[in-house]
Amino acid sequence: MSDTSSNSTDERIKEISSFRQALIRPELGGIVGTIAVFAFFLLFAFDSGMFNSQGVMNWSIVSAQFMIIAVGACLLMIAGEFDLSVGSMIGFAGMIIAILGVTLGYPMWLAIIITFALCVAIGALNGFIVIRTGLPSFIVTLAFLFILRGFTIFLPQTIERKTIIGGIREAAEGDPLASVFGGKIFGNVFNWMGDAGIIATFQRGTRAGDPVVDGIPMLIVWAILLVIFGHVLLTKTKFGNWIFASGGDPEAARNSGVPVNKVKMLMFMFTAFCACVFATCQVMEFGSAGADRGLLKEFEAIIAVVIGGALLTGGYGSVLGAALGALIFGVVQQGLFFAGVESSLFRVFLGVILLAAVILNTYIRRMITGER
Amino acid sequence: MNTRSTHAPIIQMQNIEKHFGAVIALAGVSIDVYPGECHCLLGDNGAGKSTFIKTMSGVHTPTKGEIIFDGQPMNFNDPRDAMEAGIATVHQHLAMIPLMSVSRNFFMGNEPVKKIAGLSFFDKDLADRVTMEEMRKMGINLRGPDQAVGTLSGGERQTVAISRAVYFGAKVLILDEPTSALGVRQTSNVLATIDKVRKQGVAVVFITHNVRHALAVGDRFTVLNRGQTLGTAQRGQITPEELQDMMAGGQELATLEGSLGGTV
Numbered sequence: 001m002s003d004t005s006s007n008s009t010d011e012r013i014k015e016i017s018s019f020r021q022a023l024i025r026p027e028l029g030g031i032v033g034t035i036a037v038f039a040f041f042l043l044f045a046f047d048s049g050m051f052n053s054q055g056v057m058n059w060s061i062v063s064a065q066f067m068i069i070a071v072g073a074c075l076l077m078i079a080g081e082f083d084l085s086v087g088s089m090i091g092f093a094g095m096i097i098a099i100l101g102v103t104l105g106y107p108m109w110l111a112i113i114i115t116f117a118l119c120v121a122i123g124a125l126n127g128f129i130v131i132r133t134g135l136p137s138f139i140v141t142l143a144f145l146f147i148l149r150g151f152t153i154f155l156p157q158t159i160e161r162k163t164i165i166g167g168i169r170e171a172a173e174g175d176p177l178a179s180v181f182g183g184k185i186f187g188n189v190f191n192w193m194g195d196a197g198i199i200a201t202f203q204r205g206t207r208a209g210d211p212v213v214d215g216i217p218m219l220i221v222w223a224i225l226l227v228i229f230g231h232v233l234l235t236k237t238k239f240g241n242w243i244f245a246s247g248g249d250p251e252a253a254r255n256s257g258v259p260v261n262k263v264k265m266l267m268f269m270f271t272a273f274c275a276c277v278f279a280t281c282q283v284m285e286f287g288s289a290g291a292d293r294g295l296l297k298e299f300e301a302i303i304a305v306v307i308g309g310a311l312l313t314g315g316y317g318s319v320l321g322a323a324l325g326a327l328i329f330g331v332v333q334q335g336l337f338f339a340g341v342e343s344s345l346f347r348v349f350l351g352v353i354l355l356a357a358v359i360l361n362t363y364i365r366r367m368i369t370g371e372r
Numbered sequence: 001m002n003t004r005s006t007h008a009p010i011i012q013m014q015n016i017e018k019h020f021g022a023v024i025a026l027a028g029v030s031i032d033v034y035p036g037e038c039h040c041l042l043g044d045n046g047a048g049k050s051t052f053i054k055t056m057s058g059v060h061t062p063t064k065g066e067i068i069f070d071g072q073p074m075n076f077n078d079p080r081d082a083m084e085a086g087i088a089t090v091h092q093h094l095a096m097i098p099l100m101s102v103s104r105n106f107f108m109g110n111e112p113v114k115k116i117a118g119l120s121f122f123d124k125d126l127a128d129r130v131t132m133e134e135m136r137k138m139g140i141n142l143r144g145p146d147q148a149v150g151t152l153s154g155g156e157r158q159t160v161a162i163s164r165a166v167y168f169g170a171k172v173l174i175l176d177e178p179t180s181a182l183g184v185r186q187t188s189n190v191l192a193t194i195d196k197v198r199k200q201g202v203a204v205v206f207i208t209h210n211v212r213h214a215l216a217v218g219d220r221f222t223v224l225n226r227g228q229t230l231g232t233a234q235r236g237q238i239t240p241e242e243l244q245d246m247m248a249g250g251q252e253l254a255t256l257e258g259s260l261g262g263t264v
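Protein sequence lines correspond, in order, to chains P and L. Our numbering puts the last residue of the first sequence at 372; the count rises by one with no breaks. Our numbering puts the last residue of the second sequence at 264; the count rises by one with no breaks.
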């Protein structure tokens with residue numbers, strides 16, 4: 001007991017350089033990947049139109065789509081759970097908006113609000129079942145993957161005798177809430193940039209002189225807002241600490257007074273909310289809802305999150321990392337198209353980068369916890 | 001502990017009985033703990049130590065008997081009640097999350113908040129500062145508040161858990177075998193921590209089955225055997241051998257010891 005002072009410096013602990021210290025962060029994989037991907041396409045596809053205004057907008061929209069669902073999946077994964085029903089939820093939400101707004105003729109704002117309420121309630125049901133039964137969320141949400149997809153195909157077939165319901169754009173015309181999802185902002189700035197010759201304009205047709213890219217779609221605004229919200233919630237609030245704790249060790253968190261069940265429940269609801277945002281933006285953009293929308297999105301969201309440095313086992317990760325993962329996704333998916341590469345190779349890339357990310361994450365976790 | 005006579009006990013457990021169906025886990029156990037005292041609760045496996053401290057910390061309600069906390073009879077319905085009253089338990093399975101930083105662990109469930117534009121945010125600066133300060137007091141120099149708990153040794157983790165409980169106002173600190181899984185040096189660090197905490201006026205209930213650890217810091221010793229207490233002894237009034245014998249129920253160990261040549 002006499003030598004408590006001797007533990008002030010432990011000679012067996014090596015000094016960790018600040019460089020190495022800076023590397024030990026969840027976003028590392030995402031940052032490295034983003035730089036690598038941009039370097040690659042700048043070198044090999046610079047002249048393909050990928051980096052002019054339309055090109056940038058093209059991969060930005062795709063990345064933003066990934067980001068919206070990745071934020072939800074990220075927070076849920078850090079809280080220690082999965083949601084495999086995200087993709088089906090996207091199809092389901094879009095279909096409900098279409099049925100309510102077009103088939104039943106509800107005002108679009110009401111259709112959107114009802115859909116959001118319904119989806120968040122289904123998210124809560126997911127969470128409730130996981131928490132109550134103690135079953136892995138993998139199984140519970142896998143069940144909902146099929147249940148929701150089944151309804152998404154069944155409902156329009158029964159009601160409209162088809163699997164795609166169109167006419168949403170007309171129904172949403174002038175609707176205040178619909179424009180929050182389907183509108184564009186900063187049109188003036190883009191008009192000005194078009195006039196000033198900074199970005200391309202239409203040369204012929206009825207829209208001659210208008211910029212080809214005429215504003216930032218609300219989809220991208222939602223993505224940015226959700227990423228900021230998720231990042232601040234996770235790293236700057238009390239609740240964020242609870243999310244880490246709930247995923248890190250639920251029992252220890254409970255012993256310390258963290259309401260673990262509430263945290264997990266809310267994260268399931270937030271994931272459903274994100275899926276619903278995605279779906280609403282998508283149906284507003286396409287003007288139709290299809291029964292096959294959102295297929296495989298749950299896995300793409302999870303892959304983006306893992307590339308972003310989150311551990312599949314929970315308790316560790318970063319929303320910014322997940323956003324970078326989504327950006328890598330969008331850039332590569334569209335970049336391969338611009339570079340004229342066979343698009344099926346995108347899946348090969350997906351698999352390879354997922355494996356690389358998981359290996360890197362495991363290594364980083366070992367550095368953090370000092371385990372061997 | 002010469003100051004004890006001037007204090008009232010912070011917690012008194014009187015004739016506590018706990019039955020689980022037909023099993024009598026505790027058959028009338030009484031102890032009292034004074035502020036600034038380290039009261040060691042010794043006993044072999046199955047002696048009822050765990051049941052007893054769970055009763056004390058509100059996990060179990062006693063079948064019979066009374067708990068008097070700070071002069072008031074108390075009925076803890078769940079651990080939260082006990083926690084709010086100031087009874088903190090540091091379990092063998094620590095409430096620590098290896099992947100999270102020391103400061104995030106330290107404030108887990110009790111995060112300090114600051115208001116910015118009407119929204120409350122986690123006050124990380126305060127959390128970091130307090131954590132570094134509290135750790136330094138306990139003789140642990142962290143690389144930084146962001147250091148993950150996973151990089152700490154078992155003894156250091158115990159110390160973080162103990163100082164966390166004390167920082168959040170524990171009046172009675174129950175330590176459930178904090179040294180059972182530790183090496184020699186780490187054990188001595190934890191024992192030193194117990195000593196520091198005691199000097200701050202916290203009542204420590206130290207559960208162990210290691211007589212040497214108990215004698216190193218204990219002021220008083222209560223031995224449990226088969227759900228009954230075999231009396232409380234003052235420091236200096238009892239030898240390690242006597243304690244050991246009491247724990248094992250005297251007779252049996254004496255025989256065993258003979259065959260092992262006094263090595264137990």
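Since the hints were made in silico from the structure, they are not lab data. Treat the hints with care, as some may be off.
Mimicking BS3-like on lysine-lysine, the simulated pairs with C-alpha atoms at most 25 angstroms apart in a straight line are [as the list claims (entries may be wrong)]: (1) L:K171 / L:K196; (2) L:K137 / L:K54; (3) P:K262 / L:K199; (4) L:K64 / P:K238; (5) L:K137 / L:K199; (6) P:K236 / L:K115; (7) P:K184 / P:K162; (8) P:K262 / L:K196; (9) L:K115 / L:K137; (10) L:K64 / L:K54; (11) P:K238 / L:K114; (12) L:K114 / P:K236; (13) L:K114 / L:K124; (14) P:K262 / L:K171; (15) P:K262 / P:K238; (16) L:K171 / L:K137; (17) P:K236 / L:K124; (18) L:K137 / L:K196; (19) L:K137 / L:K124; (20) L:K115 / P:K238.
Would the hint linking K262 of chain P and K171 of chain L be met if the CA-CA limit is 25 angstroms? Not OK: K262 of chain P and K171 of chain L at ~29 angstroms, beyond 25 angstroms, violated.
K238 of chain P and K114 of chain L: Cα distance at most 25 angstroms? With Cα atoms ~10 angstroms apart, K238 of chain P and K114 of chain L stay inside 25 angstroms; holds.
Tell me if the straight-line CA distance from K171 of chain L to K137 of chain L falls inside 25 angstroms. Holds. K171 of chain L to K137 of chain L sits at ~18 angstroms (cutoff 25 angstroms).
Agreement of K137 of chain L and K54 of chain L with the hint, judged by alpha carbon distance not exceeding 25 angstroms: Answer violated: K137 of chain L to K54 of chain L is near 29 angstroms, above 25 angstroms.
Check whether the Cα positions of K137 of chain L and K124 of chain L lie no farther apart than 25 angstroms. holds, 20 angstroms
Taking only the CA atoms, is the gap from K137 of chain L to K199 of chain L under or equal to 25 angstroms? Given that 25 angstroms is the threshold and the Cα spacing comes to 13 angstroms, the pair holds.
So if I understand the rule, the pair passes when the alpha-carbon distance is 25 angstroms or less; does K137 of chain L with K196 of chain L pass? holds, 9 angstroms
Take the C-alpha atoms of K262 of chain P and K199 of chain L, compute the straight-line distance between them, and say whether it is at most 25 angstroms. violated, 39 angstroms
Is the Cα-Cα distance between K262 of chain P and K238 of chain P 25 angstroms or less? Between K262 of chain P and K238 of chain P the Cα gap is close to 14 angstroms, so the pair holds against 25 angstroms.
Tell me if the straight-line CA distance from K64 of chain L to K238 of chain P falls inside 25 angstroms. The hint is violated at about 41 angstroms.
Given the proposed pairing of K184 of chain P with K162 of chain P, does the C-alpha separation stay at or below 25 angstroms? violated, 30 angstroms
Against the 25 angstroms threshold, does the CA-CA distance of K114 of chain L and K124 of chain L hold or violate the hint? Judged against 25 angstroms, a Cα distance of about 9 angstroms means the pair holds.
When held up to the earlier numbered hints, the structure conflicts with 2, 3, 4, 7, 8, 9 and 14 and fits the remainder.
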